[in-house]
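Number of protein chains: 2
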Amino acid sequence: MRIGKGVEWAAHTCALLALLPPGSALAGDALADFLGVPSPYLAKQLQALSRAGIVAAQRGAAGGYWLAQAPESLSLWDVTAAIEGTAPSFRCTEVRRSGPCGASPAECSGPCPIAAAFQRAEADYRRALAAVPLTDVIAGVAREATSARKRRIRDWIQQHAAHRA
Amino acid sequence: MRIGKGVEWAAHTCALLALLPPGSALAGDALADFLGVPSPYLAKQLQALSRAGIVAAQRGAAGGYWLAQAPESLSLWDVTAAIEGTAPSFRCTEVRRSGPCGASPAECSGPCPIAAAFQRAEADYRRALAAVPLTDVIAGVAREATSARKRRIRDWIQQHAAHRA
Numbered sequence: 015m016r017i018g019k020g021v022e023w024a025a026h027t028c029a030l031l032a033l034l035p036p037g038s039a040l041a042g043d044a045l046a047d048f049l050g051v052p053s054p055y056l057a058k059q060l061q062a063l064s065r066a067g068i069v070a071a072q073r074g075a076a077g078g079y080w081l082a083q084a085p086e087s088l089s090l091w092d093v094t095a096a097i098e099g100t101a102p103s104f105r106c107t108e109v110r111r112s113g114p115c116g117a118s119p120a121e122c123s124g125p126c127p128i129a130a131a132f133q134r135a136e137a138d139y140r141r142a143l144a145a146v147p148l149t150d151v152i153a154g155v156a157r158e159a160t161s162a163r164k165r166r167i168r169d170w171i172q173q174h175a176a177h178r179a
Numbered sequence: 015m016r017i018g019k020g021v022e023w024a025a026h027t028c029a030l031l032a033l034l035p036p037g038s039a040l041a042g043d044a045l046a047d048f049l050g051v052p053s054p055y056l057a058k059q060l061q062a063l064s065r066a067g068i069v070a071a072q073r074g075a076a077g078g079y080w081l082a083q084a085p086e087s088l089s090l091w092d093v094t095a096a097i098e099g100t101a102p103s104f105r106c107t108e109v110r111r112s113g114p115c116g117a118s119p120a121e122c123s124g125p126c127p128i129a130a131a132f133q134r135a136e137a138d139y140r141r142a143l144a145a146v147p148l149t150d151v152i153a154g155v156a157r158e159a160t161s162a163r164k165r166r167i168r169d170w171i172q173q174h175a176a177h178r179a
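Same order as they appear, the protein sequences are chains A and B.
Quick note on our numbering: the first sequence kicks off at 15 and runs consecutively.
Quick note on our numbering: the second sequence kicks off at 15 and runs consecutively.
Misleading hints may appear alongside valid ones.
All copies of an identical chain are treated as equivalent in the list; a pair is satisfied when it fits inside any one copy or across any two copies.
[Unchecked claim] Straight line, CA to CA, 16 Å or less: simulated EDC-like cross-link-like pairs of lysine to aspartate or glutamate:
1) Lys58 / Glu136
2) Lys19 / Glu108
3) Lys58 / Glu108
4) Lys58 / Glu98
5) Lys164 / Glu121
6) Lys19 / Glu98
7) Lys164 / Glu136
8) Lys164 / Glu86
9) Lys58 / Asp43
10) Lys58 / Glu158
By construction, these hints were calculated from the structure, which means they are not laboratory data.
Isolated chain A (complex conformation) (with noise of 0.2 Å):
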């Protein structure tokens, strides 16, 4: 099982984004410039991001990225199903159906025993991040960090942070 290095950039990106000042917007390219990672790839990213409505873009030279909701409502399984989808990780073939033992129609009404237990295990892992707002995670990162770092933090995102028309 395995999730991409995008929600990682995702997650990160949202939580930057949710420190702009209102009114403002931040350019794809300084996004990744911040995170470190390339751009073409993060661009993919908050595309994705975009199309759930977690983000709001604005095209020019003045053009860039903000949230498009409020921190406190957005979790990281927003981010996480904006990015993977939300398809089951688990896809049952209906294996019990099959071969010369094979369960008849009426004996399959209800899912699979062995699809219903990764259901239900999938359920809990969404509940955990769904129970986490981008709020907490910003909130986990000023508490590691420095002042000094915040103080960075805070004059780039001033430097970079462009006014929305």
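For this one, chain A is given, so just place chain B on it according to the hints.
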């Protein structure tokens, strides 16, 4: 996020092996036939289950596979870990250390709050699967199966299980 078909096959394999009479084994081809899956690919899952100490194998004419552990002490997490490995699905690349405002090593004594949240979610996922012993899966299948199907399964096992040397 995606779990391979191998996990589904391995779980069904173990559930079937749990029904074998003591001292008997089932050939890989017979197992594949019962599940209606291609034998060469199932052989890979059987190898992985064997490496993990979940099944035992015996070569030769009367060769085959059997459960190496009691079904009540084998969980769906054991089976999943044997096939997919135990590497975390979210792999933190320490984005927080990169870029113009990257955190210093001293600020990174704990895990990144984003990585920590995914670790907690994955622990919940594994815990949910670890709470499902093979005996629960078998009880679930037994609940859905008609007595005619249970008899067919018993007969098939009697016909195909070989005494171990």
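Checked hints:
no.: 1; hint: Lys58 / Glu136; in the structure: neither (26 Å within a copy, 25 Å between copies)
no.: 2; hint: Lys19 / Glu108; in the structure: between (31 Å within a copy, 11 Å between copies)
no.: 3; hint: Lys58 / Glu108; in the structure: neither (34 Å within a copy, 20 Å between copies)
no.: 4; hint: Lys58 / Glu98; in the structure: within (12 Å within a copy, 28 Å between copies)
no.: 5; hint: Lys164 / Glu121; in the structure: between (60 Å within a copy, 11 Å between copies)
no.: 6; hint: Lys19 / Glu98; in the structure: within (10 Å within a copy, 19 Å between copies)
no.: 7; hint: Lys164 / Glu136; in the structure: neither (36 Å within a copy, 30 Å between copies)
no.: 8; hint: Lys164 / Glu86; in the structure: neither (20 Å within a copy, 52 Å between copies)
no.: 9; hint: Lys58 / Asp43; in the structure: within (12 Å within a copy, 45 Å between copies)
no.: 10; hint: Lys58 / Glu158; in the structure: neither (29 Å within a copy, 45 Å between copies)
Checked against the numbered hints above, the structure breaks hints 1, 3, 7, 8 and 10 and satisfies the rest.
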